[in-house]
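Novice: From first to last, the protein sequence lines stand for chains X and R. Heads up: take any position in the first sequence, counting from 1, add 13, and you land on our numbering. Under our numbering, the second sequence has -14 at position 1, and the numbering climbs by one with no breaks.
The hints are simulated quantities; they were obtained by calculation from the structure and are not laboratory data. Since we're looking at a predicted model, the values are computed, not measured. It is possible that some hints are incorrect.
[As the list claims (entries may be wrong)] In silico lysine-lysine, DSBU-like type, Cα no more than 35 Å apart, as pairs: (1) R:K93 / R:K15; (2) X:K79 / R:K245; (3) R:K93 / X:K79; (4) R:K164 / X:K87; (5) R:K124 / R:K164; (6) R:K245 / R:K15.
[What the hints assert, rightly or not] Sample of chain X residues lacking proximity to chain R, with all beta carbon distances greater than 12 Å (derived): (7) Q26; (8) S50; (9) D55; (10) P62; (11) A71; (12) W108; (13) T110; (14) N116.
Note that beta-carbon positions come from the ideal geometry of N, C-alpha and C, so glycine has one too.
The residues making up each chain are set out below.
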Amino acid sequence: MHELAVCQSIIDQVSHIAAEHQSHVVEKIYLQIGPLSGVEPDLLQSAFPLACANTAAAKAELIISKLPIRVRCKSCQAESEVSINRLVCGTCGDWQTTLISGNEMLLERVELQTEH
Amino acid sequence: MCDTCGCNITPGNKHLIEIKGKLSRTPDGKAAIDVLQGLLSENDHQAQHNREHFDKHQVLTINLMSSPGSGKTALLEATIEALGDQLSFAVIEGDLETENDAQRIRAKGVPAIQISTGSACHLDAHMVHSAVHQLDLGKLDILFIENVGNLVCPASFDLGHHRNITLLSVTEGDDKPAKYPVMFRAADVMLITKADLLEVLDDFRCASAEQNLRNLANPAPIMEISAKTRQGFNEWINWLEHELHHYRQHLARGEQLHPKIQVDGHDMHGTQHVLHHPAHD
C-alpha cells in the first residue's frame, strides 16, 4: 500500500503552503484522483489520519474528486469515457487512443485558517 | 507527471486556473489556495534530479517491474552473460529484505547495490538517489533498477529512469495486463518470460496477453523470452542496443529521454525536456 507514502507527501506539501501563508491550521484539502494514477481514493482516506497526526493538517478534511477516464481515438478522433482496462475507442473500437484525462494525482486546493 | 511544464493541467481542471487566481477567500473568510501540484511533487523533483545525474554520465537507466518471482534477476544474469564483454552494467536491487539478488548479480562481476525497503512496497526516487551515489556512473553504459516485486505500487513512482520494462511470466496468466492496468500501461516493453514453459502450459496464450496490453492503448513491443534457454534473446539484446543508441542520440541533441507513457499527454506535455546539468553531482 503506497497510499500512506502519498499521504505523507500531501502533508509535506500542505504544511509548506500553510507556513507560506502564516497559517497553523489547514481546514480542507482538495485532491483530484484519476483511476490510472494507481492511487485508491478510499485507501487515501484511511491512511490520511495516520499521516496528518501532529501536523498543521491534523484536523483537516480530505475531499477527493474522482475523475473519469477519457480517451481520444487516433483514427476517428472521437472522444469516449472508458473503463480502466479497456482504453479503446468507444466509437470505432480502435485501441490506438490518447489519454485525455484519468491519470491525475493532484493537490487541487487548500483552505487555511489565517489571522486576517 | 511534473509540475513545471503544465502536464498536470487537464481538460478536467483547466477552468480552475483560468477563472480563479492563486489565492482567494471562501465565503466564511478562510484563505483558499489553488495549487494543482502533483501529489508526489517531492518525489518527482528528486526523480528529475536523478535523471539529470544519469544524463550527465550518459547512463541509460531502465526500471524493471513485475510480480515477485517472474524472473527479473534471471533476466539480468543472462543479459550480463550475453553483453557483459561489450557494455558496462550496474544494478540497483530493491527488495523488502535480504541481499540475495545483489549477490547473484555481483557473482557475474557486475556492481550491485541492494536497497532493503523494509516494509515499503516500492522504490522511490530518494532511495534510488542514495544507491546511485554508491556507484561510479562514469564507467557505466546501462543501469538496471530491479524494482520491488509488485504489480501495483512501483508504477506510481518516477525514479528518474528512461525506460520501463514490465515482465509477465507465463505461469502468472495472460490476463495480468487487464488486472493490473496501471502497471502494464506504463510498460515501454512487455517481456513474456519463462517462455520455455509455454509448451507445458495450456492456459497461457501470448495472443491474449498481447490483446490485453493493446486494450490499454499501449503499443509497446512484446517479446517472448527465456533466460534459461535464451529463446528470444537476440530480439531482447537488439532492443537494448537500439535503446542505448537512441538514448545517446537524444543526449547529443540536448534532449532528455523519458518513459514513453508521458507521450500520452502530448498536447499538454512536451515529450522531451531541455537538458539542464545540475551544478553538483
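Novice: Confirm or reject each hint.
Specialist: Hint-by-hint comparison with the structure:
1. Restraint check for R:K93 and R:K15: not satisfied, since their Cα atoms lie roughly 61 Å apart, outside the 35 Å limit.
2. With a C-alpha separation of about 25 Å, the suggested pair X:K79 and R:K245 falls inside the 35 Å cut-off, and the hint holds.
3. Proposed proximity of R:K93 and X:K79 is contradicted: the alpha carbons are some 47 Å apart, above 35 Å.
4. For the proposed pair R:K164 and X:K87, the alpha carbon gap of about 25 Å is at most 35 Å, so the pair holds.
5. At most 35 Å may separate the alpha-carbon atoms for a hinted pair to count; R:K124 and R:K164 exceed this at roughly 40 Å.
6. For a cut-off of 35 Å, the pair hint linking R:K245 to R:K15 is broken: about 41 Å separates their Cα positions.
7. At the 12 Å boundary, the C-beta of X:Q26 falls inside the reach of chain R, the nearest C-beta of that chain being 6 Å off.
8. Distance check on X:S50: its Cβ comes as close as 7 Å (rounded) to a Cβ of chain R, failing to clear the 12 Å threshold; non-interface status is violated.
9. No Cβ of chain R approaches the Cβ of X:D55 within 12 Å, the least distance being about 14 Å, so the stated non-interface status holds.
10. Interface exclusion of X:P62 from chain R stands, the closest Cβ pair being 17 Å apart, more than 12 Å.
11. Interface exclusion of X:A71 from chain R stands, the closest Cβ pair being 16 Å apart, more than 12 Å.
12. Not every Cβ of chain R is farther than 12 Å from the Cβ of X:W108; the closest lies at roughly 4 Å, contradicting the non-interface assignment.
13. Residue-level check failed: X:T110 sits 5 Å from the nearest beta carbon of chain R, not beyond 12 Å.
14. Residue placement check: X:N116 does not keep its beta carbon more than 12 Å from all beta carbons of chain R (closest about 7 Å).
Violated hints for the displayed structure, listed by number in ascending order: 1, 3, 5, 6, 7, 8, 12, 13 and 14.
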